[in-house]
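Peer 1: Take these sequences, add in the hints, and give me the full structure.
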Amino acid sequence: MIATLLLLCAAALIAVPHVLVRTERLRRSPRAALILWQALSLSAVLCLLGAGPIAWLRPRPLPPLPGGVVTALATIASLGVLIHLLVRAHDVDSRIRRAREEHRQLVDLVGRHEGEHTRVLRSEQVAAYCVPGARSRLVITDALTALPADQLAAVVAHEEAHLRERHDLVLEFFTVLHTATPRFLRTDAALTEVALLIEIIADRAAWREVGEVSLARAILSLAEAAGEEVPTGISAGAGAAATRIRLLLGDEPAPWQTLALYLFCVAAPATPPVLSVLVAG
Amino acid sequence: MPKNAILGDLEQAIMDVLWTDGGALTVREVLDRLTARDLAYTTVMTVLSRLETKGVTTRERDGRAWRYRAAATRESMTAQAMRGPLDDLSGEDRQAAILHFLSEASADDLDAVRVAMAEVEAKGDRPRRRR
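Respectively, the protein sequence lines represent chains A and B.
Counting from 1, one number per residue, gives the positions in the first sequence under this note's numbering.
Counting from 1001, one number per residue, gives the positions in the second sequence under this note's numbering.
Bear in mind the hints are in silico, worked out from the structure with no lab data behind them.
Cβ atoms here follow ideal geometry from the backbone N, Cα and C, with glycine treated the same way.
Be aware that a few hints might be false.
To be verified - Some residues of chain A that are not near chain B, with every Cβ distance over 10 Å (derived):
| no. | residue |
| --- | --- |
| 1 | A11 |
| 2 | R27 |
| 3 | L42 |
| 4 | L49 |
| 5 | L57 |
| 6 | V81 |
| 7 | T118 |
| 8 | A127 |
| 9 | A146 |
| 10 | A195 |
| 11 | L222 |
| 12 | L263 |
| 13 | V266 |
Said to hold, decoys possible - If you want a taste of the chain B side facing chain A, the calculated C-beta under 7 Å gives, among others:
| no. | residue |
| --- | --- |
| 14 | F1101 |
| 15 | L1110 |
| 16 | M1117 |
Said to hold, decoys possible - If you only want the chain B side, here are some residues facing chain A, beta carbon under 8 Å, derived:
| no. | residue |
| --- | --- |
| 17 | T1020 |
| 18 | M1082 |
| 19 | E1092 |
Peer 2: Structure below.
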């Protein structure tokens, strides 16, 4: 009974991202929104993991199905989810780690060393990115350093925020969950939205240092540069530049909105265990 | 960590020599071209073979010595660094591996960006808030 409930709960939670994506209001509290996404994902995983053990502990025959069948199904589901997630995590982690290591070696060779972790590439193209990890690198181009000082400061503050707050770990968490979810259930828009939220958080850090006008100019400069190049890879989504600049215009969200989001964040992962205890006890 | 940093700097200096010269150099020739450095022959030899293991230099026999050359021009390796680790990663992995400030914008996006930008300029910087 409760196992069925948990499985239903998981199904509902997996459906949530399809609704949450592109909710403009949430983007105004990027940090709370990002934690909410993690809380919901974690909650869905807990539901799936919990279904098996609960079915074992509290076998209750359902009218249409013998209890044994439910127990077996739930156990298979939980074990399957756990193994699948662990394999995925290992897989994604090792691939990303190797790619970063190779890339770090590459920029160390071709880039000019400016201090401990900044590398400047000899390129006419305006570009900036960071290679996160234990030995992180901030990579910028000569063309970027030629931008006005306030724009350069905005870009550096943005990238430093990524590195300082280890946004890569958050992104990796979602990448594991995303690739572990069956193709027909997952939505690419969810991962894109999470990536955008991370950019918004880094934007806020830069905003506090240089103000919104300088940051907006920096985003425009990089958007213009990116527009000239053939786009490679996926980014924070088409129109991300415009979205990010527009978010600099809006007012701060009401405190109650952020508070409500954080309450959801606590409630979501707590629900599966509480539900289990209440019904079982 | 300091040792790694020194090795990293040395690797870069040696690649600079190979790129500047463009030809295939022996360990001795590389050592001679490394200015203002008090380096042992064996150190340069070790670093050169490390670079070969990494695949950024190639070597060929010349009598009893090896001659090293850069596997690719600095420009093509820089271009590779600008592309990010694309080769054996899927889209999702690629996005998580390296965080780009901004990586694409279409012509339509640019128009939207300029409109939004005009609004920001018009409004100006607001007083900084703590958050």
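Peer 1: Confirm or reject each hint.
Peer 2: Hint check:
In this structure A11 of chain A is separated from chain B by more than 10 Å, as the shortest Cβ-Cβ distance comes to about 23 Å. Separation of R27 of chain A from chain B is adequate, the least Cβ-Cβ distance of about 14 Å exceeding the 10 Å criterion. Residue placement check: L42 of chain A keeps its beta carbon more than 10 Å from all beta carbons of chain B (closest about 18 Å). For L49 of chain A, the shortest C-beta to C-beta distance to chain B comes to about 23 Å, beyond the 10 Å cut-off, and the non-interface label holds.
Every C-beta of chain B lies more than 10 Å from that of L57 of chain A, the closest at about 36 Å, which supports listing it as non-interface. Non-interface status of V81 of chain A relative to chain B is upheld: no Cβ of that chain comes within 10 Å, the nearest being about 19 Å off. Every CB of chain B is more than 10 Å from the CB of T118 of chain A (nearest about 13 Å), matching its label as outside the interface. With a cut of 10 Å on Cβ distances, A127 of chain A falls inside the contact zone with chain B, its closest approach being about 6 Å.
Every Cβ of chain B is farther than 10 Å from the Cβ of A146 of chain A; the closest lies at roughly 16 Å, confirming the non-interface assignment. Its closest Cβ contact with chain B, about 6 Å, brings A195 of chain A to no more than 10 Å, contrary to its assignment away from the interface. Look at L222 of chain A: its CB is around 4 Å from the nearest CB on chain B, not clear of 10 Å, so calling it non-interface is violated. Annotated as non-interface, L263 of chain A keeps its C-beta farther than 10 Å from every C-beta of chain B; the closest such distance is 19 Å.
Non-interface call for V266 of chain A relative to chain B: holds, since the shortest CB-CB distance, roughly 21 Å, exceeds 10 Å. At about 4 Å, the closest approach between the beta carbon of F1101 of chain B and any beta carbon in chain A falls short of 7 Å, and the interface hint on this residue holds. A hinted interface residue such as L1110 of chain B counts as satisfied when its beta carbon comes closer than 7 Å to some beta carbon of chain A; here the least separation is about 5 Å, so the hint holds. Because the smallest distance between the Cβ of M1117 of chain B and any Cβ of chain A comes to about 5 Å, under 7 Å, the interface hint for this residue holds.
With a least beta-carbon distance of about 13 Å to chain A, the hint placing T1020 of chain B at the interface is violated under the 8 Å criterion. Annotation: interface hint on M1082 of chain B holds; nearest CB of chain A at approximately 6 Å, less than 8 Å. Among the interface hints, the one on E1092 of chain B holds; its C-beta lies about 5 Å from the nearest C-beta in chain A, closer than the 8 Å criterion.
Hints 8, 10, 11, 17 from the earlier list are contradicted by this structure; the remaining hints agree with it.
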